[in-house]
Amino acid sequence: MFTGIVEELGEITAVEDSGDTARLRVRGPVVTGDAKHGDSIAVNGVCLTVVEVDGDEFTVDVVHETLERTSLAKVEVGRGVNLERAMAANGRFGGHVMQGHVDGTGVFLHRDADDLTHFAFPPQLGRYIVEKGSIAIDGVSLTVASVSPEELTVALIPTTLSLTTLGRTEPGDVVNLEVDVLAKYVEKQTADRASSLAVDNGGGKEDG
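Counting along the sequence shown from 1, when you hit position 28 you're at 28 in this note's numbering, and nothing is skipped either side.
Note that these hints are calculated values from the structure, not bench results.
Please note: incorrect hints may appear among the correct ones.
[Stated by the list, open to error] No more than 20 Å apart at the CA atoms, straight line, and that leaves these computed lysine to any residue pairs for SDA-like:
1. K74 / F108
2. K132 / D115
3. K36 / M87
Given these sequences and hints, build the entire structure.
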């Protein structure tokens, strides 16, 4: 599990493209401090498994499914990435519950005169995004300031702008989005309950 509190701004140092998969080498002195083979590290909000650690760099494999669904398909050498290790059981919980499972990609639009940052998101994610609710953008835990059918805004403090990739994002850049997993569970439970009631009510009807 992750919380969306970015530990450091890392850098992609190598990309090996194998067609359906890719191998990334990432520099991150903080997250490699105690990292080992098999550990989970979120890279721009994507939970990836450490293959090897070499000094202050670690290597991860990115499968086809992840390349298809996230911005990592277009990552390049020299690109900054947000890094967070999986939360320890006794760690401080500072953001919100995150799995590192990206739900879709959005697009950075602009920052307005009120210092709100605007992002477009896929319509199918709209039902999970609510004003004052939580969302992860490139692995950063944020609070939704406002939302319309296909656009949301967040207020980014100077620290977030300086210590994460969000301060370097340009209009048109693709970002990874993870909605609040609690909203998805509530939706499923509600749908299952509604389906069950429909079956029960249908079974109790009599013809005529």
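Hint by hint, here is what the structure shows:
| no. | hint | result |
| --- | --- | --- |
| 1 | K74 / F108 | holds, 15 Å |
| 2 | K132 / D115 | holds, 16 Å |
| 3 | K36 / M87 | holds, 15 Å |
In the structure shown, no violation is registered for any of the earlier numbered hints.
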